[in-house]
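Sequence lines, in order, name chains A and B.
Here the first sequence stands for residues 6 to 118, numbered as in this note's numbering.
Here the second sequence stands for residues 185 to 297, numbered as in this note's numbering.
Since the hints were derived computationally from the structure, they do not count as laboratory data.
No residue lacks a Cβ here, since even glycine has one placed at the ideal position from N, Cα and C.
Every clue listed holds true.
If you only want the chain A side, here are some residues facing chain B, beta carbon under 10 Å, derived:
id : residue
1  : 9
2  : 11
3  : 40
4  : 42
5  : 47
6  : 50
7  : 52
8  : 61
9  : 93
10 : 103
11 : 104
12 : 107
13 : 110
14 : 111
Calculated cross-link-like contacts (lysine to any residue; reagent style SDA-like; alpha-carbon spacing at most 25 Å):
id : chain 1 : residue 1 : chain 2 : residue 2
15 : A       : 62        : B       : 211
16 : B       : 186       : A       : 61
17 : B       : 226       : A       : 115
18 : B       : 186       : A       : 46
19 : A       : 62        : B       : 277
20 : B       : 226       : A       : 106
21 : A       : 62        : B       : 215
22 : B       : 226       : A       : 103
23 : B       : 226       : A       : 29
24 : B       : 251       : A       : 106
25 : B       : 226       : A       : 23
26 : B       : 186       : B       : 223
27 : B       : 226       : A       : 66
28 : B       : 226       : A       : 88
29 : A       : 62        : B       : 187
Per label pair, the in silico range of CB-to-CB distance:
id : chain 1 : residue 1 : chain 2 : residue 2 : range
30 : B       : 253       : A       : 20        : 44 to 50 Å
31 : A       : 67        : B       : 297       : 47 to 53 Å
32 : B       : 193       : A       : 85        : 35 to 41 Å
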Amino acid sequence: DSGVTQTPKHLITATGQRVTLRCSPRSGDLSVYWYQQSLDQGLQFLIQYYNGEERAKGNILERFSAQQFPDLHSELNLSSLELGDSALYFCASSVGTDGHEAFFGQGTRLTVV
Amino acid sequence: QKEVEQDPGPLSVPEGAIVSLNCTYSNSAFQYFMWYRQYSRKGPELLMYTYSSGNKEDGRFTAQVDKSSKYISLFIRDSQPSDSATYLCAMTARGTGRRALTFGSGTRLQVQP
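Please build the complete structure, drawing on both the sequences and the hints.
Here it is as C-alpha cells:
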C-alpha cells in the first residue's frame with residue numbers, strides 16, 4: 006500500500022459526460038501529480054500541484070482541469086468525454102517538487118462508452 | 185524521438201536468471217532516475233531511485249546510471265516468478281520547468297518457473 010488513495014476504482018460513463026476523480030496523497034506529501042495511462046501512449050504526465058498551487062502542466066487537454074484543496078487532496082475533472090479518454094488515471098504524490106520518490110495510487114479505470 | 189527510450193520486450197527468462205533492463209534518454213538535464221514496477225495495470229510501485237551517476241543496490245536489485253552515455257540499467261539477481269511485471273524507468277530534472285517524471289514505455293518481464 007503506497008498510502009495514496011484514489012476513488013473511484015472504476016468508472017463507466019457515456020460520451021459527452023463529465024466525471025471527477027479524487028486523490029488523497031500520502032500523509033506529509035505536498036505535491037500531487039496526475040498521469041494518464043492508455044495502451045498506446047504509456048504514462049503521460051497531465052498536471053502537478055504543490056501545496057494548493059499549480060506547478061507544472063503536461064499534456065492536459067483543455068477539457069480537463071484539476072485542483073488541490075487546502076487539505077491537500079486533489080480532484081481531476083474530465084468533461085465532454087470522448088471514447089479516446091478511456092484510460093487509467095493515476096495520481097502520485099511526493100514530499101517535494103522535484104518528482105523523485107513519487108508514490109502512485111492504484112488508479113481509476115475510466116471507460117467511456 | 186522520445187526523450188526516454190525503453191525496449192518494450194517481452195523479456196522472458198528462467199527463474200534464477202540475472203535480468204538486465206535498460207533505458208536511454210536524450211535530455212541531459214535529467215538528474216533523478218527511478219525504476220518502477222507495475223503489475224497488471226495496477227499503480228506503479230517505486231523500486232529505487234538514484235541521483236546523478238553511480239550505482240545503488242537494494243536487495244536483489246541494482247540500479248546503474250551512466251550520465252555520460254545517457255544510459256540507465258536495472259539488474260535483478262536471482263529472478264523469481266513474482267518479479268514478472270512491467271518495469272518502467274522514469275527520470276526528472278531539478279530546478280525550474282521540469283517537476284514531473286518522464287517515463288519510458290516499460291519493459292514487460294516474464295520469469296518462467
